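At position 352 of the sequence shown the residue is numbered 697 (the working numbering), and the sequence of numbers has no breaks.
Derived by calculation from the structure, the hints in this document are not laboratory data. It should be emphasised that the depicted structure is a prediction, and the values quoted were computed from it without experimental measurement. Errors might be hidden in some of the hints.
Claimed, not checked - Pairs of lysine to aspartate or glutamate, EDC-like flavour, derived with a Cα cap of 16 Å:
id: 1; residue 1: K705; residue 2: E751
id: 2; residue 1: K373; residue 2: D566
id: 3; residue 1: K634; residue 2: E751
id: 4; residue 1: K454; residue 2: E418
Claimed, not checked - Derived Cβ-Cβ restraints for the label pairs, each shown as a range:
id: 5; residue 1: E747; residue 2: H540; range: 21 to 31 Å
id: 6; residue 1: P480; residue 2: G541; range: 31 to 41 Å
id: 7; residue 1: G570; residue 2: E617; range: 17 to 27 Å
Virtual Cβ for every residue (Gly too), placed ideally from N, Cα, C.
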Amino acid sequence: MGRHTRGLVIAALAFSSTWSGTAEAQHKYALQLFHFNVQYVCGGTLGYTPNPLPELDLDNDTIEDRIITESFEPIVDLFEKHPTWGVDLEMQAYMLDVIAWRHPELLSKMQAMTQSGQIDINSFHYSDQLFIAYPEEDWKRSNELTHEVFERHGIPLSRSVFCQEGQSATTMAQRMEEAGYATMVWPKNLWTYQHGDLPAEPLYSFGDIHMVQGGKGSSYDDGNGLTIEVTWTFLDDGELLATGDINPYFPELFFHDPEAVAEYEAQLMDLEAQGYTITTVDKYVEEVKTLITPATPPPLLDGTWQPNSTGGVQRWMGGKGLFFQQERDNHVRTIGQQAHRELVVAELASSNAGIDAREKLDAAWRMLFLGQVTDASGINPFRGEIQYGISHMSEAMRIAREVIRETKDALDYTLAEFDPLAGDIVTKGDDDP
């Protein structure tokens with residue numbers, strides 16, 4: 346080999362090495378988070394239309410099953426076809442219960458895909474509760490049940506958090522860390538509602554954990570060859586994509602649309618061809634946090650993901666929806682608080698009396714979580730959804746009062762005053778006020 350030839354080879358190798366290093370510093374990610382809600386039409390569509398229509402009047406379980414088979418399972422099947430693609434599927438833990446009870450083959454598929462690390466199942470609450478409107482203890486117990494449900498069904502619980510209606514609060518950071526979560530997906534609409542449509546950073550700090558702007562892409566360049574490109578392919582109600590943008594309130598139209606799924610599949614294949622890694626939020630954060638220092642977010646408002654149309658949480662706290670003449674927001678919220686109070690007292694009473702009421706109380710707490718579902722008071726609750734919320738919370742209160750009566754009988758108390766904060770039961774005579 347001549348000197349000139351050797352020089353060309355050395356130069357080519359040097360260029361190749363330089364080009365490879367630059368390529369390695371270019372990071373491109375495609376994120377997707379499907380928000381599923383098996384309580385989308387809690388209680389079913391019975392009574393949704395003014396006149397009875399058999400094809401539209403579907404009960405609770407039928408609607409739940411349709412949500413799973415027509416909108417959720419097709420998305421699972423799509424990603425099963427592409428083992429290198431990651432996705433976040435967010436749901437309440439109750440939905441996982443329903444899948445385990447009535448769709449065991451789908452559960453097996455989910456177990457394989459989550460245990461391999463391909464997909465993440467996200468969950469922060471057992472029911473799709475308006476948890477920011479109720480005492481923190483209700484959420485804590487709901488989250489504990491969520492962890493139990495995921496462990497029982499053999500599904501690893503994702504460390505990423507997105508909530509029903511995009512509920513977000515800065516105080517969640519500490520609670521998330523305590524419960525083993527690592528990343529908050531903060532809805533972009535809530536962010537821009539407060540701060541305007543400014544460019545997003547790839548990663549933010551959130552207390553001692555991390556946060557990303559859900560649904561908002563970002564472009565980062567450190568000026569030294571490191572670039573990070575992030576695009577979101579989906580952050581919306583998961584029920585919509587596989588059904589051609591139809592929601593479960595229209596059961597006569599709510600069916601799997603293969604063409605819609607194929608179109609989305611083609612979009613992801615195109616991104617993959619462009620060099621994007623189609624991945625989960627957790628894997629994305631784990632990689633990016635080694636590349637850059639997370640940005641400090643501006644002060645953020647508590648709220649939900651569509652603040653422009655819901656006024657934050659106002660729509661669930663007295664704001665009028667489409668069926669405002671049927672709405673009973675005050676009834677729903679008041680009964681929820683009463684049921685919480687009775688359950689806290691029942692816990693104290695049974696413990697002090699040495700009564701084993703664990704099974705009853707666990708069932709009552711679960712009823713409370715189901716009754717706190719957001720759709721009982723917003724966005725546009727109809728009569729059936731309101732009744733679903735009130736009936737479940739009323740049943741929780743009934744069970745709690747039954748336990749309290751058993752406690753009084755066991756202690757031979759006619760009247761009693763309970764102080765949950767002090768952990769005391771103060772007896773009273775029959776004539777005491």
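- Task: Determine which of the earlier numbered hints do not hold for this structure and return their numbers in increasing order.
- Result: 3 and 5
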